[in-house]
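Chains A and B, in that order, give the protein sequences.
In case it helps, the UniProt record's numbering puts the first sequence at residues 1 to 302.
In case it helps, the UniProt record's numbering puts the second sequence at residues 1 to 156.
Incorrect hints may appear among the rest.
Claimed, not checked - From the structure, some residues in chain B lie toward chain A, with a derived Cβ separation under 10 Å: (1) C113; (2) K117; (3) H122; (4) C141.
To be verified - Restricting the straight-line Cα-Cα distance to at most 20 Å, the calculated cross-link-like pairs of lysine to any residue (SDA-like) are: (5) B/K124 - A/P102; (6) A/K158 - A/M188; (7) A/K88 - A/P115; (8) B/K140 - A/K302; (9) A/K193 - A/V241; (10) A/K13 - A/G200; (11) B/K124 - B/P83; (12) B/K146 - A/E191; (13) A/K302 - A/P102; (14) B/K86 - B/K124; (15) B/K146 - A/F195; (16) B/K117 - A/G200; (17) B/K117 - A/R228; (18) B/K146 - A/L196; (19) B/K142 - A/E191; (20) A/K141 - A/K253; (21) B/K124 - A/T82; (22) A/K253 - A/D147; (23) B/K140 - A/S60; (24) B/K142 - A/P102; (25) B/K146 - A/P102; (26) B/K146 - A/E112; (27) B/K142 - A/S7; (28) B/K56 - B/K124; (29) A/K193 - A/Y159; (30) A/K158 - B/K146; (31) A/K193 - B/K140.
Unchecked claim - With the Cβ distance kept under 8 Å, some of the chain A side facing chain B (calculated, not the full set): (32) L103; (33) G105; (34) A106; (35) R108; (36) H206; (37) F209; (38) L301.
Because the hints were derived from the structure by calculation, they are not lab data.
No residue lacks a Cβ here, since even glycine has one placed at the ideal position from N, Cα and C.
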Amino acid sequence: MKRDLISITDYSKDEYLRIMKLAAEFEANPNQDLLQGKVVASLFFEPSTRTRLSFETAISRLGGRIIGIADPGSSSTSKGETLHDTIKMVSNYADLIVMRHPLEGAARYAAEVSPVPVINAGDGANQHPTQTLLDMYSIKKTQGTLDNLNIFMVGDLKYGRTVHSLLMAMSEFENPIFNFIAPPELQMPQEYKMFLREKGIRFFEHREFTDIISEADIIYMTRVQKERFSDPMEYEQVKNVYILRNAMLKNTKPNMRILHPLPRVNEIHTDVDQNEKAYYFTQARNGVFTREAIISHSMNLK
Amino acid sequence: MSDEKKKKLKLKVSAIKEGTVIDHIPAQNLFKVISILGLNKIPNQITFGTNLESEKLGSKAIIKVSDKFFEDDEINKIALIAPHAKLNIIRDYGVVEKKVVEIPKVITGIVKCFNPKCITNHEKITTCFDVISTSPIALKCKYCEKHTVGEQINMQ
Ligand SMILES: [Zn+2]
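Model the full structure from these sequences, guided by the hints.
Here is the structure:
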């Protein structure tokens, strides 16, 4: 059976832990020729240089060859070919498909059509599970555990798919606490709060970004994007409220680390970058090891 | 309306010897029910009446299909748009069994996903939803994972 990764909830807790373990092994020894003689299709129907380079680095470090689409303007879809037909064609050539697509559900559909495993590298606003696994790896690495953590999520909690997936995944571990800091327009959606209530997981909601962060083990920052607001005045009012500055970190816990899926705009002031609690650049680097782990798992190479 | 008139109205939809009578269909959904069950594509004799008076529905429709007996899976497809539908199974002009419809756990290929950015609205794909709640009805798309709820439900 091929093991696709489309949504973060496709994996069991055991699989999360297996990915964490494999990622640590790849971090210790990144170059392993597990993909020698294999071809991986990297299909980016929507440009995302950051994610594509991370995947292609992971594939290269595993010794695999890459075929693919980097520029959707030149792809067969611009000639009117259906996703179905593109996937049918590519799965004849490749042993694994890594795919990013602007439409939601595209990856699930591709996985149904394809006889080779599919890894979702983002399908519109829906899912981006490899981001979540690298977030978890970063948490595990900095905290030594995924249990008993107090996780603060800040910014756009309504549309931010990374926070939703991280919430779902971390809920599988022992005794998490969530704190949500967001403007009223961008609060955590009801369905996720319902999910937490049903699981008996504690969470707290805040409007103000204040010294409550002294409780945090992890602060997960997100961008507040202008296009989310129907009223531009509202955006102007909130955009500077959710900025993390170095001075705010004074009373935070020594083990606390700041994560961000990147790219940032202004929500983390550059004066935070020098603080040892700033972890977002290392987090991005962890992405390569995590993706090596996911690829190996999907193809039963380890 | 007098009882006699009511009787006459019932008679307008003629009796069948063998087959199925589907009653208590909301009048406005009659043609959707016909289409979902594929009744427009079978050679059986079919009679239907619509805009009949109903205490429960205000205005109901009824379909009589000769020589046709539905599987539960087949008939349950109409539960979304005719949740109060009742089936009478007819043998030799008499009712031998009565059935109600049940909303299935998974709905395949009837409903359109509400999300305009869903892949199923851009490519020829049979939709598929998990039913996450029956009242109010809420469906979760297998592809985009978004919820389609109550009034948002439209047929594919
Ligand atoms: Zn959908």
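Consistency of the hints with the structure:
Because the beta carbon of B/C113 sits about 8 Å from the nearest beta carbon in chain A, less than 10 Å, this interface hint is met. The criterion of a C-beta within 10 Å of any C-beta in chain A is met by B/K117, whose closest approach is roughly 5 Å, and the hint holds. Look at B/H122: its Cβ gets to within about 6 Å of chain A, closer than 10 Å, so that hint holds up. Checking B/C141 against chain A: minimum C-beta separation of about 7 Å stays under 10 Å; hint holds.
With a C-alpha separation of about 17 Å, the suggested pairing of B/K124 with A/P102 holds against the 20 Å cut-off. With a CA separation close to 5 Å, the supplied pair A/K158 and A/M188 stays within the 20 Å bound. For the hint linking A/K88 to A/P115, the alpha-carbon distance of about 9 Å falls within 20 Å, and the restraint holds. The straight-line distance between the Cα atoms of B/K140 and A/K302 is roughly 34 Å, outside the 20 Å bound, and the hint therefore fails.
Restraint check for A/K193 and A/V241: not satisfied, since their Cα atoms lie roughly 23 Å apart, outside the 20 Å limit. The suggested pairing of A/K13 with A/G200 holds, with an alpha-carbon distance near 18 Å, which does not exceed 20 Å. Proposed proximity of B/K124 and B/P83 is contradicted: the alpha carbons are some 28 Å apart, above 20 Å. For the hint linking B/K146 to A/E191, the alpha-carbon distance of about 11 Å falls within 20 Å, and the restraint holds.
Note on A/K302 and A/P102: the hinted pairing is violated, with a Cα-Cα distance of about 31 Å set against a maximum of 20 Å. A C-alpha spacing of about 33 Å is found between B/K86 and B/K124, which places the hinted pair above 20 Å, so the restraint is violated. This hinted pair checks out: B/K146 and A/F195 have alpha carbons roughly 15 Å apart, not beyond 20 Å. Only pairs whose Cα atoms come within 20 Å are accepted, and B/K117 paired with A/G200 is rejected, the gap being roughly 33 Å.
Simply put, B/K117 and A/R228 have alpha-carbon atoms about 16 Å apart, close enough for the 20 Å limit, and the pair holds. Between B/K146 and A/L196 the CA atoms are separated by roughly 18 Å; this keeps the pair inside 20 Å, and the hint holds. For the hint pairing B/K142 with A/E191, the CA-to-CA distance comes to about 16 Å; that is within 20 Å, so the pair holds. The hinted pair formed by A/K141 and A/K253 meets the criterion: a straight-line CA distance of about 16 Å does not exceed 20 Å.
Distance restraint check for B/K124 and A/T82: the Cα-Cα separation of roughly 9 Å lies within the 20 Å cut-off, and the hinted pair is therefore satisfied. A hinted pair counts as satisfied when its Cα atoms are at most 20 Å apart, and A/K253 with A/D147 qualifies at roughly 17 Å. For the hint linking B/K140 to A/S60, the alpha-carbon distance of about 38 Å lies beyond 20 Å, and the restraint is violated. Taking the CA atoms of B/K142 and A/P102, the gap is near 17 Å; set against the 20 Å cutoff, the hint holds.
For the suggested pair B/K146 and A/P102, the alpha carbons sit about 15 Å apart, so the restraint of at most 20 Å is met. Restraint check for B/K146 and A/E112: the C-alpha separation of about 18 Å stays at or below 20 Å, so the hint holds. Restraint check for B/K142 and A/S7: the C-alpha separation of about 11 Å stays at or below 20 Å, so the hint holds. Taken as a hint, the B/K56 and B/K124 pair is broken in the structure, with Cα atoms around 38 Å apart against an allowance of 20 Å.
Of the pairs offered as hints, the one joining A/K193 and A/Y159 holds, with about 14 Å between alpha carbons and a cut-off of 20 Å not exceeded. For the given pair, A/K158 sits about 14 Å from B/K146 by alpha-carbon distance, which is consistent with the 20 Å threshold. For a cut-off of 20 Å, the pair hint linking A/K193 to B/K140 stands: about 17 Å separates their Cα positions. Residue-level restraint check for A/L103 holds (minimum Cβ-Cβ distance to chain B is 5 Å; threshold 8 Å).
A cut of 8 Å between beta carbons decides the hint on A/G105: the least distance to chain B is about 3 Å, and the hint holds. Satisfaction of the interface hint for A/A106 is found here, the shortest Cβ-Cβ separation to chain B being roughly 5 Å, below the 8 Å cut-off. Hint on A/R108 holds. Least Cβ distance to chain B is approximately 5 Å, under the 8 Å limit. The closest approach between the C-beta of A/H206 and any C-beta of chain B is roughly 26 Å, which is over the 8 Å cut-off, so the hint fails.
Interface hint status for A/F209: violated, as the beta-carbon distance to the closest one in chain B is roughly 29 Å, over 8 Å. Annotation: A/L301 was flagged as interfacial toward chain B, and the flag is violated, the nearest CB pair being 28 Å apart, outside 8 Å.
The structure fails to meet hints 8, 9, 11, 13, 14, 16, 23, 28, 36, 37, 38 from the earlier list, while all remaining hints are met.
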